[in-house]
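K.L.:
What follows is each chain in one-letter form.
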Amino acid sequence: MSDTVLSVRGAGKFFPGVKALEDVDFDLERGEIHALLGENGAGKSTLIKVITGVHPRDAGTVSLEGQEIHPQHPGDAQELGISTVYQEVNLVPTLSVAENLMLERQTRKFGLISWKKTEADAKTALEILGLDIDVNRPLGSYSVAIQQLVAIARAVALDAKVLILDEPTASLDGEEIKTLFRIMGELRDKGLGIVFVTHFLDQVYAVTDRITVLRNGRLVGTFVTKELAQIDLINHMLGRELAEVSAHRHQDEGSYDGPARQIQIKNLGKKRVLEPVSLDLKAGEIVGLAGLLGSGRTELAELVFGTQKADSGLVFLDGEPVMLRSPRHAIRAGFGLCPEDRKQDGIVAELSVRENIVLALQGRRGWLRPIPRAEQQKFADDMIKALGIATPDSEKPVGQLSGGNQQKVILARWLVSKPILLILDEPTRGIDVGAHADIIKLIKELCDEGLALLVASSELEEIVAFADRVAVMRDREKVSELVGAEITQNSIIEAIAR
Amino acid sequence: MKINERFYPILATLAVLVLLYGYGIFEHRAFSDTYVLGALLTDNAFLIITAVGMTFVILSGGIDLSVGSMIAFIGVLMAELVTGFGMHPVTAAVVAMIVGSAFGAFMGVIIAKFDIQPFIITLAGMFFLRGMCFLINLDSVPIDHPFVSAFSGFKIQLPGRGWLTASALLMLATVIGGVVIAHFTRFGRNVYAIGGDRHSAELLGVPVHSTIIRVYTLSGFFSALSGVVFAFYTASAYPLAAVGVELDAIAAVVIGGTLLTGGMGFVLGTFFGGIIMGVIQTLIAFDGSLNSWWTKIMIGALLFGFIVLQRLITRSFSGMRAGAT
Chain A
1 MSDTVLSVRG AGKFFPGVKA LEDVDFDLER GEIHALLGEN GAGKSTLIKV ITGVHPRDAG
61 TVSLEGQEIH PQHPGDAQEL GISTVYQEVN LVPTLSVAEN LMLERQTRKF GLISWKKTEA
121 DAKTALEILG LDIDVNRPLG SYSVAIQQLV AIARAVALDA KVLILDEPTA SLDGEEIKTL
181 FRIMGELRDK GLGIVFVTHF LDQVYAVTDR ITVLRNGRLV GTFVTKELAQ IDLINHMLGR
241 ELAEVSAHRH QDEGSYDGPA RQIQIKNLGK KRVLEPVSLD LKAGEIVGLA GLLGSGRTEL
301 AELVFGTQKA DSGLVFLDGE PVMLRSPRHA IRAGFGLCPE DRKQDGIVAE LSVRENIVLA
361 LQGRRGWLRP IPRAEQQKFA DDMIKALGIA TPDSEKPVGQ LSGGNQQKVI LARWLVSKPI
421 LLILDEPTRG IDVGAHADII KLIKELCDEG LALLVASSEL EEIVAFADRV AVMRDREKVS
481 ELVGAEITQN SIIEAIAR
Chain B
1 MKINERFYPI LATLAVLVLL YGYGIFEHRA FSDTYVLGAL LTDNAFLIIT AVGMTFVILS
61 GGIDLSVGSM IAFIGVLMAE LVTGFGMHPV TAAVVAMIVG SAFGAFMGVI IAKFDIQPFI
121 ITLAGMFFLR GMCFLINLDS VPIDHPFVSA FSGFKIQLPG RGWLTASALL MLATVIGGVV
181 IAHFTRFGRN VYAIGGDRHS AELLGVPVHS TIIRVYTLSG FFSALSGVVF AFYTASAYPL
241 AAVGVELDAI AAVVIGGTLL TGGMGFVLGT FFGGIIMGVI QTLIAFDGSL NSWWTKIMIG
301 ALLFGFIVLQ RLITRSFSGM RAGAT
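If you read the protein sequences in the order shown, they are chains A and B. For the first sequence, full-length UniProt numbering gives the first residue as 1, with consecutive numbering after it. For the second sequence, full-length UniProt numbering gives the first residue as 1, with consecutive numbering after it.
Rather than coming from a laboratory, the hints here were simulated on the basis of the structure. Heads up, the beta-carbon is just placed ideally off N, CA and C, and yes, glycines get one too. Where hints are given, some of them may not hold.
[Said to hold, decoys possible] If you only want the chain B side, here are some residues facing chain A, beta carbon under 7 Å, derived: (1) Glu5; (2) Phe7; (3) Asp197; (4) Arg198; (5) Gly205; (6) Gly305; (7) Val308.
Same shape as in the complex, but just chain A (with noise of 0.2 Å):
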């Protein structure tokens, strides 16, 4: 087993102000699976995006049977024969099914297309994978399985030496999901060499022969599957290996005593994205969501901000139920949301600083009362200040500030509006060493004035460093809940695994 098919040495991609992936290497070999982990933000789909020449690459090299290649974009790279199928249909919903599997290699009779072959072709495209439909009907009108089905078929008969799988079991069910891993291991027989990208570690265990791990953009290992434990996979993920953070929140606790406000979350749940989950918090207090990611941390921090509506459960503010219909009540209710994604969730890119940070303030005063110019400068500039924000003036349109600054204005924004709980959802995703830090010490200092604090963060020794209590979640579900010198990373990863 050492034919290797697909060889990355040294690979980098740089974005404004974070290194997307640092000297990573990667070999996929003929005729095997090889599951490509790590949590959002790893660098797996930078990965994938400079193999496939989606991005180009600025270090290394990626070379398929030994020779060097440069695609300049994913048509190139499928010539080549690295085709992908990404985790949402990348296929044209108003054409047929035999279009799709035949776009730009339709069969041609004296320059126009012969139809009857065409759909032969097709057909027997999809035999491969024993899959039997109507291919003159709308790709658009069959369900997600069989269009992720159609997806692969296409990338298979396209003379594919490499298949990259991009989270392709998201959509599906139990049965398609089997289906899809009796297609894999047959392909692979075939001597294909497939790169599967998922978050569920009972299917990189079901399926794949190899495993690479990446964690911030860098490579943390090649293992072979049936020899690594899942929990030194999750080690591995999770990044414990890292020196503990000295400075524990819970050791220095006690330095806020204002009004103690209670929130209680009691029952908290939706059906089919988060089983009822109750956790209280109160003014002063750090609580850390830990878990991997799809185990429901972002999930939970939306039903409590109203971005998705809970249909079961409520949320007490000192003992008063709170309404969590939308996000408008959540945040007249005193809480705030720093989203994980937060350029597709949370700053306006177009605004300048200081339009995004009296959004907020100004969503909860309604737009009936606007803020004076003036007060508005003084919020900008206070806040600027305060949190170190790298900004040559408060004009400037955030879109062009780096991720970790970016980050700071949405905290900027939420602290303006003084919430009384705050939700911080991935905090420091995207961003580099120094902002980090600096986040890492907001936190602890907007907890010392009095907020109450959720933070979901897949980066443990973070979650250990300030967190006062911690809930584990797993499956959608809270599996546990530690206190004080229960918090170490060995725990967590202890509760998850089990």
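Using the hints, position chain B against chain A.
P.N.:
Same frame as chain A, but now just chain B:
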């Protein structure tokens, strides 16, 4: 067997056409004469030729507002070439169509390379070409040439009192050409793919830029051809001719069942759509008591109906896409 959902809009178009035509025959005996059919094909020839080009543009998810001005500009240009430079009308037509295609290509390049809304660029094209008309000629001028008279005099007798004119024949040839390009070439299928989901089309290896450039070139070509037919048919050129034809062409495409957001539709549907608009006009002329503005009201109502119908059909699709994320 279940009817393929892709055919729903064009079936609706056909149903409307049959209903309107049937109503016409029921109300006015003269409506069943081939004379009406021949007149429909001739009078709407330039509109349908333009609309065939517009079909490709809309299928790709774009829009071309310059076609009305293009028709006028091509007419004025030809008049100048024929009467001013003494060129033969056929040579002038070829020159005019090369100019029209080149201008379409120019807009296509800007739209594709700079990734600009086609609405804006073709709006600019619309103003530019209309202005250029006046630069060449301020007034209505006749195009006097034996060939032009021969063209407008050419007729094939149909059974009954009707006949097919040269304009109608050219239009029918254009429709057939459009069908072949749309359904039997890779370019045509790529247009559908881009209109259906541009991002996916790119990932599937469709050359998005060059396809978009060719789409606007094609629209330029067809609207220039339409300008030639219009000029020959009226044997004159007028800088203010064909004002608003771009909107009529869009209406014909949509009534013909093409999805305004792109990706689904048929060139043949556009032909029916153009004919439907003509039938409405004829019905109102036959009635005699109705103001001609009723044409607009009817077309407006039809558009409302078709746009809602499209939404209902695509909703099932987009619902499934949303589930994928």
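K.L.:
State for each hint whether it applies.
P.N.:
The hints, checked one at a time:
no. : hint   : in the structure
1   : Glu5   : holds (6 Å)
2   : Phe7   : violated (10 Å)
3   : Asp197 : holds (5 Å)
4   : Arg198 : violated (9 Å)
5   : Gly205 : holds (4 Å)
6   : Gly305 : violated (21 Å)
7   : Val308 : violated (18 Å)
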